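In order, the protein sequence lines correspond to chains A and B.
Going by my numbering, the first sequence opens with residue 1, and the numbers climb by one from there.
Going by my numbering, the second sequence opens with residue 1, and the numbers climb by one from there.
Mixed in with the good hints, there may be bad ones.
Unchecked claim - Have a look at the derived ranges for each label pair, beta carbon to beta carbon:
| # | chain 1 | residue 1 | chain 2 | residue 2 | range |
| --- | --- | --- | --- | --- | --- |
| 1 | A | Leu-87 | B | Asp-331 | 48 to 58 Å |
| 2 | A | Phe-283 | B | Ala-371 | 36 to 46 Å |
| 3 | A | Phe-223 | B | Leu-68 | 26 to 36 Å |
Stated by the list, open to error - Distance condition first, Cα-Cα at most 30 Å in a straight line; then the derived BS3-like pairs of lysine-lysine:
| # | chain 1 | residue 1 | chain 2 | residue 2 |
| --- | --- | --- | --- | --- |
| 4 | A | Lys-102 | A | Lys-89 |
| 5 | A | Lys-125 | A | Lys-102 |
| 6 | B | Lys-330 | B | Lys-383 |
| 7 | A | Lys-25 | B | Lys-484 |
| 8 | B | Lys-298 | A | Lys-35 |
| 9 | B | Lys-383 | A | Lys-35 |
If you are wondering where the hints come from, they were derived from the structure by calculation, not from laboratory data.
In this text, all values refer to a predicted model and were calculated from it rather than measured experimentally.
Every residue, glycine too, gets a C-beta built ideally from N, C-alpha and C.
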Amino acid sequence: MTDATLNTGGDRPGSSLATQDARTKRRNRAEARFKAYGLTAILIGIFFLVVLAVSIIRSGSPAFTRTIVGVEFTITQPQIEAAEGELFKTKAYQTLFIDALKQQLDARGMEMEFDEESIERLLGKVGSTLREYYQANPGEIGTPVSFELAASSRVDGYLNGRLTRDSVKDSRFLMAADLDLVDALQEAGIVRSSLNWTFITGADSGVDNPGGAGIGASVVGSFFMMLVVLVLSLPIGVAASIYLEEFAPQNRFTDLIEVNISNLAAVPSIVFGILGLAVFIQFAHLPQSAPLVGGLVLTLMTLPTIIISTRASLRAVPPSIRDAALGVGASKMQSVFHHVLPLAMPGILTGTIIGLAQALGETAPLLLIGMVGFVARGYPDGVVSGFMDPNSAMPAQIYTWAARADPSFYEKAWGGIIVLLVFLLTMNIIAIILRRRFERRW
Amino acid sequence: MPLLWLILSVLAIATTGYVLGRARVMAGAGGDSRDLHSLPSYYGYNVALKVVLPSFLLLLVWLLAQPLIVNGTVAADIPESAIPDGSSRDLIMSEVRRTAEGLDNAVAQGLMTEDFARSARSDFNDVTQRLKDAGQIVTAQVTQPILEAAQRYRIMNDTGNLILSALVILVALAGAAWGMREMRPEFRARNVVERVVHGVLVAAASVAILTTVGIVLSLVFNTIEFFRLYPAWDFFFGTTWSPSFTGRGGSSELGVLPLLWGTFYISIVALLVAVPVGLFAAIYLSEYATPRVRSVAKPMLEVLAGIPTIVYGLFALLTVGPLLMAVFGKDGLGWMQAGTAVMTAGLVMGIMLIPFVSSLSDDIINSVPQAMRDGSYGLGATKSETIRQVVLPAALPGIVGAILLAASRAIGETMIVVLGAGAAARLSLNPFEAMTTVTAKIVSQLTGDADFASPEALVAFALGMTLFVITLGLNIFALYIVRKYREQYE
C-alpha cells in the first residue's frame with residue numbers, strides 16, 4: 001500500500017479556481033467555437049429556407065396579376081359598315097380603336113404618336129377581338145363599351161420590373177419605343193393590373209403565348225392522379241401492413257417482403273418512371289400521358305411510405321386491446337378489424353396524407369410517361385376522359401414551363417410552384433391537425 | 001358493355017347475394033341466430049366474396065391478356081409487303097391502333113355507320129379524310145393493309161369485350177349459386193371468410209415483391225435488348241456520350257463514364273455541403289439546444305425535406321445559377337460559362353439533403369445513452385470534448401449509414417440535375433462547367449419517344465439499370481454498416 005503524497009503546488013503552480021490557466025482558456029474557447037459551429041449550421045439551414053421562400057414569393061407573385069388596358073370605346077353603325085366593306089376588316093377595327101385611344105390620351109392632355117404595329121405588339125390582335133365582340137353582341141353598337149384587353153406578357157414584365165428599358169432588345173415582340181406608350185398609358189390610368197384568372201383556371205398555351213398560360217388544367221390532372229393513388233394505395237397499403245404486423249409468421253417469405261419494402265422506399269423515383277413506361281405503356285398499352293398511368297406509377301412509389309407509417313401506427317396500439325378482444329371471444333381477424341384498425345386509423349390517415357403530398361410533388365416519373373410538353377391543353381370532358389386523356393400534372397407543368405426558351409414562362413413556373421406549395425401546405429396542415437386532434441397516447 | 005357497368009353489375013349481384021344468403025341461413029335456423037355457427041353477416045359475406053373474387057380475377061386477367069393477344073394476332077397478319085423500308089411492325093401496329101381508335105370515334109360521332117367502318121376500303125372511300133373530320137390524327141394516308149388490320153383489330157376487340165362481359169356475369173352468377181348452396185346453419189362461414197380475407201392480405205403484401213420484380217424485369221429485358229444493338233464494353237468503358245438524334249443509330253457513341261463522373265461529382269459537391277451543415281445542426285439540436293429552440297429549428301429544417309424537388313430544380317436554374325454567374329461568371333472571376341453547372345446543381349442538392357442528414361444523425365446521437373456522457377463529464381471533459389471523443393465515435397456507424405443513404409438519394413435525384421446541371425456530358429475537373437448525370441440522360445433519352453427500337457432510346461434502360469444497381473448497393477451497404485458496427489447499449 002502506498003501513501004498518496006498530497007501534491008501541493010508542483011506541476012500546478014498558482015492554480016486557483018478563480019483564475020483560468022492557459023489550458024482551461026483554450027479548452028473553453030474550443031468549446032465556444034464548437035457551439036458556434038452548430039449554431040451556424042442551423043442558421044445556414046434556416047437562411048436557405050428563407051432565401052428559397054423569398055425567391056419563390058418574389059418571382060412567383062407576378063404570375064397572379066396581369067396588366068389590363070381598359071378603354072372605353074364606342075362604335076357606330078356606319079363605322080361598322082365601312083369597316084366590314086374593307087378588304088382587311090380587322091385592320092379597320094384596329095384603326096378605329098387606335099383613334100379612340102388617341103382621343104382618350106388627348107383628353108388627358110398627353111399627345112402621343114404611335115402606330116398600329118406598336119399596339120399590336122402591346123395588346124395583340126385588337127381588331128379581331130373587337131370584331132368578334134360586335135358580331136356576337138350587335139346590340140352594343142352605338143353605346144359605349146369599356147373593353148378590358150390583356151397586355152402582352154412583356155408589358156407585364158416591364159411593369160413589374162422583370163424587364164427594364166436597358167434590357168429590352170428591339171424585336172418583333174417589343175420595341176424600346178413602345179415603353180414610352182406604356183408609360184403614358186399608365187400615367188393616364190388606362191393601364192392597370194388585375195388578378196389573373198387565366199393563370200389560375202386556364203390551360204397551358206403554346207410556346208408563343210406566355211400570357212395565356214394557366215395551371216388549372218394540370219391541377220385537374222393532378223387531382224385525378226391523386227384519386228387513383230388514394231383509391232389504390234390506401235387499401236393495399238393498409239392490408240399489407242395488417243398482414244405484416246398482425247398475421248405474418250416469421251419465415252423467409254415475410255423477410256422477403258420486408259426487405260423489398262425497405263428497398264423500394266429507397267429506389268430513385270425515376271426508376272419507377274421507367275417501370276411505368278415499360279409495364280403500363282410498352283407492355284399493357286395504356287394510353288401515354290394519361291393521369292391513370294401517372295396515378296398507378298405514383299401508387300407503387302408511395303406504397304412503401306404508407307406501409308411504413310401504417311405499421312408504426314398499428315404497432316402503437318397496445319397489445320392489451322388485442323388480448324381483451326380475444327378474451328371475450330373475438331377471432332384474431334375480428335380483433336384486428338373491429339378494435340386495432342379503428343384505433344390506428346388517425347395515424348394511418350396522417351401517414352396517407354403525407355404520402356399523398358409527397359406523390360403530388362413528384363415530377364421525374366411523370367416525365368417518362370409523357371405528362372410533359374404541351375399536353376394540358378384543356379379540361380377533360382368527363383370522369384373517364386379525366387383518367388384516360390392526355391393531361392399534365394402540376395409539377396410536370398412547372399417543368400414544361402421552366403424548360404421553354406421564353407423567359408416569360410419562368411414567371412409562370414414560379415407561380416405554379418406557389419399553387420403547388422399551397423396544396424402541399426394544406427395537406428400537411430390537415431395531417432398535423434388530424435394528428436393533434438385524434439392521436440392517443442397509451 | 002362498358003367496363004364501369006360490368007363492374008357495377010357484378011357488385012349488384014354481390015349485394016343481392018349478401019342479402020339473400022343472410023336471409024336464407026336465418027330462415028334455415030328458424031330466425032334464431034344462436035343456432036348458426038357464425039354471425040349472420042358472415043354468411044352474407046361468404047356469398048358476396050364468392051361472387052366478387054372470381055369474376056374480378058377473371059376481369060383483370062382478361063383485360064391484361066386481350067390487348068396482347070389481339071395485338072399479336074393482328075400484327076402477325078400484316079403482310080410483309082405492307083411494311084415500308086425503314087419502318088417496323090411495331091410502328092405499323094401503332095398506326096393500326098390509331099386508325100382503329102379513329103374508326104371508333106367516327107362511329108361514336110355519327111360520321112360513319114358501323115357497317116361502313118367494318119367494310120370500308122381505302123381505295124374506294126376517302127377514309128383518311130373522314131377520320132380527320134372525326135378529329136383523329138392519322139399520320140399519313142391510310143393504306144388498305146392498315147385499314148384491314150384496323151378493322152380486324154376492332155372486330156376482335158369487340159368480340160373479346162362481348163365474350164368478357166358474358167363470361168364475367170356468368171362467373172358472378174355461378175359464384176352466387178355456389179355460395180347460396182352452402183347456406184346451412186352448421187356451415188362454418190366465419191372460418192371461410194377469414195381465410196379469404198387472409199389471402200387478400202397476403203396478396204396485398206406481395207405487391208411489394210411484384211413491384212420489385214416488375215422493376216427488375218423491365219430493366220433487364222430492355223437492357224439485354226440494348227446490348228444486342230450496342231456492345232456492352234463500349235457502354236461501360238466508353239468515354240464519349242454523343243447520341244445521334246436521327247434515331248437510326250450507327251453513329252451514336254453511348255459511353256456511360258462521363259455520365260457516371262458527372263453524377264459522382266455533383267453528389268460529392270452536394271455531400272460537401274450537406275454533411276458538415278447537417279451534422280453540426282444535428283449535434284447542436286441534440287446536445288446544446290434548449291427545448292424551445294429545438295421545437296422551432298427542427299421543424300424548420302424538416303420543411304426543407306418536404307419541398308418537392310422541382311422547386312429546388314427551378315431554384316437552381318433561376319436563382320442560384322444567375323447568382324453564381326454574377327460571382328464566378330464573365331463579370332466576376334471568369335470561371336463559369338453558363339448558369340447551369342456542377343456547382344449550381346451540387347449546391348442546391350446539398351441544401352435539399354441537409355434535413356436528410358440532420359434528422360437521421362439527430363436520432364442516432366439521441367440514442368447514445370446519457371450514462372456515457374455523464375461518465376465523460378465526470379472525468380472533467382467539456383461538452384464539446386465529450387461530443388467529439390465519446391458521443392460521435394459511439395454514433396459513427398449510424399452517421400456513416402445516414403451519409404451513405406444521403407449519397408444514394410443524391411445519385412438518384414433527377415429534377416435538380418435536369419434543370420440545374422446542364423446537358424453536356426464531359427469528363428472534366430472544373431466544378432463550374434456544365435456536366436450531366438445518369439438520371440438527366442434517362443429523362444432526355446426517353447421523353448416523347450414511344451419507339452423502343454433504337455439504341456438511343458433503349459440506352460435509358462441500361463442507364464436505369466446502372467442507377468438501380470448503384471443505389472441498391474449503397475442502401476444495402478449502409479444497412480450492413482449500421483447493423484455490423486452498431487453498439488448495443490442496454
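Q: Could you work out which earlier hints the structure fails to respect and list their numbers in ascending sequence?
A: 2, 6 and 7
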